[in-house]
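Sequence order for the protein chains is A and B. For what it's worth, my numbering labels the leading residue of the first sequence as 1, then goes sequentially. For what it's worth, my numbering labels the leading residue of the second sequence as 1, then goes sequentially.
Some hints here could point you the wrong way.
Claimed, not checked - Straight line, CA to CA, 27 Å or less: simulated DSSO-like cross-link-like pairs of lysine-lysine:
# : chain 1 : residue 1 : chain 2 : residue 2
1 : B       : 107       : A       : 123
2 : A       : 22        : B       : 156
3 : A       : 124       : A       : 79
4 : A       : 124       : B       : 107
5 : B       : 178       : B       : 80
6 : B       : 107       : A       : 90
Quick caveat, the hints were computed from the structure, so don't treat them as lab data.
The residues making up each chain are set out below.
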Amino acid sequence: MAYSEKVIDHYNHPRNVGSMDKASADVGTGLVGAPECGDVMKLQIKVNPQTNVIEDAKFKTFGCGSAIASSSLATEWVKGKTVDEALEIKNTEIVKELALPPVKIHCSVLAEDAIRAAIGDWKKKQNVAKPAEMQAQ
Amino acid sequence: MRTRHFCSACGKVQPAVPVDYFTFFGFPRKLDLDTSVLEKEFYALSRRLHPDVFAQAETQERAWSLEQSSMLNDAYRTLKDPIKRTEYLLRLEGVELEEQSKQATEKARATGELKKQAVPPDLLEEVFELNLHLEELRMQKKAGEDDPAMLEEIGKAKLSLEEKYDALFSELKSEWKKWDKAVDSGTEEDRRKIRDTMVDVLNRRNYIRNLVRDVNEAME
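Throw the hints in and build the complete structure from the sequences for me.
Next comes the structure, spelled out in structure tokens:
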């Protein structure tokens, strides 16, 4: 099956490949996998604690072209959004943007899962960090 | 009850009825299948249904024997293989792996709760780390470099994966026994739980299978 031009573009020039410090308090990490094809995707966000804006995003995906393109696009989309805005991103929007065929929809699902997992991890850190700060005062 | 492959009155071959492969052989929908029984049934039926037997028969009968033979072959190939058999049964039971994943994402979106990943986090970590190593290995190879320590590490990881792979098959077999019992005397809730566990086991096994394949390719 032929990939769309946008998928090929993201595949050849993936945006924001890399990693951030998992232990950092303002970094959220999402590691997800698609059991259907064995793909594994890591997406990380760096959130400004004052504004809740996602200032940076990185990803690393082992999988097919559609999975790489979906996660590459996801990092582009979350950057500059607040955490709540990023949670609004739906897999169907990724499908539309990349013109993914039905057999590759699970790649977009994976990318949405990765965003949610990263934000979930970040939120967990915020809840844990707050009482600690109060104790320190 | 087995489907009728032949007319009980005249003994003539019958058109293939669209039934599941278990029913085709007259087996219950159970998983701990004695493959020697399956094989015996297969050879017995295949002798009687083989299109050669019907070479002189009328066109309709020839066509039906061909239909029945091809269904017999598909049924045998599916049920003989332990993994294919399990996946087939899960499909019969209405389990759609991809659909389940999509629905879980939609639920997470609606409730704001985190989706439970089908593959456990520690295995995901392991898969991710090993993939990183493999990528490095491929790059070193391209550059004509050799890193024995890295190769050794990947070799060790591969062994550990193969052990896991075998352990998962044992786990699957013990789920078969639970399933077969639940078919006879369990509730729908019991069966649902066992189905979910089998899906989990198969997912993890697929992951590991792909990874071992990638390791072998990278080390060639």
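Quick rundown of the hints versus the structure:
no.: 1; hint: B:107 <-> A:123; in the structure: holds (19 Å)
no.: 2; hint: A:22 <-> B:156; in the structure: holds (26 Å)
no.: 3; hint: A:124 <-> A:79; in the structure: holds (20 Å)
no.: 4; hint: A:124 <-> B:107; in the structure: holds (20 Å)
no.: 5; hint: B:178 <-> B:80; in the structure: holds (20 Å)
no.: 6; hint: B:107 <-> A:90; in the structure: holds (12 Å)
Violated hints are absent here; each numbered hint is respected by the structure.
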